[in-house]
Every structure is written in C-alpha cells, then in structure tokens.
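2 protein chains.
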Amino acid sequence: MERWNDERLSRQIDFLAEADKLKSVLRRTLLMDGSRNENTAEHSWHISLMALLLHEHAPEPKPDLSHVIKLLLVHDLVEIDAGDTFAYDAEGYSDKEEREQAAARRIFGLLPDDQADGIMALWREFEAMETPEAVFAAAVDRLQPLLHNYRTEGFSWKRNGIVRAQVRHRMLPIRQASPKLAAFVEELLQRAVDRGYLADEPPTKEE
Amino acid sequence: MERWNDERLSRQIDFLAEADKLKSVLRRTLLMDGSRNENTAEHSWHISLMALLLHEHAPEPKPDLSHVIKLLLVHDLVEIDAGDTFAYDAEGYSDKEEREQAAARRIFGLLPDDQADGIMALWREFEAMETPEAVFAAAVDRLQPLLHNYRTEGFSWKRNGIVRAQVRHRMLPIRQASPKLAAFVEELLQRAVDRGYLADEPPTKEE
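Those sequence lines, one after another, are chains A and B. If you want our numbering, it's the position in the first sequence, counting the first as 1, plus 10. If you want our numbering, it's the position in the second sequence, counting the first as 1, plus 10.
All copies of an identical chain are treated as equivalent in the list; a pair is satisfied when it fits inside any one copy or across any two copies.
Straight line, CA to CA, 35 Å or less: simulated DSBU-like cross-link-like pairs of lysine-lysine: (1) K168 with K31; (2) K106 with K31; (3) K168 with K106; (4) K72 with K31; (5) K106 with K190; (6) K168 with K190; (7) K72 with K106.
Everything labelled a hint here was simulated from the structure, so no lab data went into it.
Let the hints inform the model, and build the full structure from the sequences given.
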C-alpha cells in the first residue's frame, strides 16, 4: 500500500485502485454489437443505469432505489479474485461461495474497518436475495445479459448449449421483482425461440 | 426500434441498448495496469463507487449521495455521439457544448418523455456544476483519472505534454468539494513531480 498523510484515505485509495481490476474481468456476454466480451465493471454500470430507469416497474411498496444501486455497484467486486462464474456452470457454482467469501475478506479488507463492514454487508445482502432491494438488484443483473444475448442472436446461449427452460429458471428473480418485467422476459424468450436464437428443448440423444 | 407489447418498456429497452455503446467510447486514460485505454462506461462505474466511499470527506452539510451517484451514472452518456473530449484539449472544448447538446437530445430522446426530461435535467445539473451534488460529482470525476495517471507513471500527462499547473487548475472542483481531498491532490501532485511523472513547468523554447 502506498502511504499518504491521511491513513484512512490511504486505505480508501488503495481499495479504489484494486477495484480497477474489475475492468479486466471478462464475462461470457458479448457487447451488443458483438465486438468483444463485456467486462464486469462496465456491466456494473449498465445494470445501475438499468435500475434507475426500470425501477418504476417494481410494484408498491417499491424497493429503495438508492440502496438497489449501492448493491449493484459493489456486488461483483469479489470477481477480481474469484472470476466470473458463468450463470449456467453447475461445476463452477459448487465452490463459488467459498471462493467469493475469501475474495470478499481480502478485497473489502483493504478499506478502513467500518467501510469494509459496510461493503461486506451490502455484498451479503445482494447474495442472500432476501430484501426487496436485493431482489430488484438481482432482477436487473439477470435482465441485462438477456438483452445482450438477444441482441447478439443468442451468441452465448448457442455457444454454451443453453435452452429456454434454463434461461427461464435463471430469470425467476424478475418474476419476484416485477410482473411487468417478467411479462417482457416471456415475450422476449418466445421471440428468441421463434427466431432461432434460443433452443426450446435440449437436443434428443441419438445413441 | 424493436417493438414489444409494452410501448413504454420498448422505449426504455431501446435506450438501454443504445447505452451499451458507451462501453466502446475510449478515454485517454489507461487502466492502472497500463494494459489498455479505459472506456467511459467502466469509468462511470468506477467514479460511482468512488463517490460511495469518499463521500464522507465532503464537509457538512453533505451533498446527497444518492443524487451524486445518479449524476455520475448518466453524465457521460452524451459521449456516445460526441466522443470523449480530452480534458486539456482547448480546441475540442470549443464546440463540445454544441456537440453534446445535440447528443443529449437524440440519446435521451429515445426514452419516454418524462424520463427523457429527468435524465436531461440530471445531465444539465452535472454540466452546470452549481449544486453541491454536481460539485462533488465533478470532484470524483476529476480525481479518478488523476489516480490513473499517477499509477501509470504519468502516461497521459507525458504523452500530451501536460504540466502541474494545468492539472491543478483542472482539479479546482475538488477544492470546492472537499478540503481533505484537495490536500490529498496536492500531496499526490508533489509526489508525481518528484518522481518525474509530471513536469512542473512547460519546457522552455529553445528557438
């Protein structure tokens, strides 16, 4: 850590420099123009903007938007150490929690203790998906890659052999967060199947 | 625009897809590891996180953090059309306002009218830098590339022949936003000069 006159600020700056590494964590999703893989930092910005604009579709009592955005800004920082686990990767998910817990301790631990506790609490809240804010945050976090997959004609679905039932299961938090957004997801998935971006059923085995 | 059953949602989704292009707008700043240029979308995430953590250094009465973050999430969207204007590019600045006004009308205009007005108001507030929230947002927007330049041993300063007085001038909103952050900036600039990352004076002409 590089020391500055103010000890507290030194830790904050050190953490913010560490956070820069999230820009180099690549996701499976392509940018909508197909030019390259998306990274987790720009994804975090996109879903925060999405929360700001789609928050109106949450039924009353609405989740606190400001809190939703805080959850979204910090929720993926653990990927700096733990990497991005593909949403449909069962094997990767088996040790995801352990890897991410260790990452959270190290990365948030760079901050002054009280802020480390605060960010840790936000991250745990997001992961537990129990508060209305965490549910809404999870909903936009899942809606965004859906739009990317749709706009890239199912690039990541096709490449990984994903079928509609799997995507629908992954989108469950959206049903919980907003009936209107859930209806949109169903419409989009139907159109994706109709256009051949997404398979409706797993291919039958021929052996 | 692709139409969905819900007309309002169609416009929102269209806007959010347009926003994806901000990930392809490159800034002069390198990532802290020097691996590539930073893009404006990930920059927007980074400064939002920065606002969350450094907000405590604003003196009382503190700016509203949630509003600061909203300003930061939307403030650079106009760059999708207008491009990133380098902070020290006097020529680029001469028509910056005109280019960005046109961009704001087109891009925000994709949204439903009431939301277009809301985002336009946020963008204008950021640009005018008159409210305490806009001043604090401008402060983190300027502090972040300073850290990047410092961590990359003055890459963008050296490449563009920038000297300390120019950087100090650019950092004025930080003095307005937080004496503590302003003191940190002075300390950092002195260290940057001592280490040869940043020139103290313009080179004397030898002709």
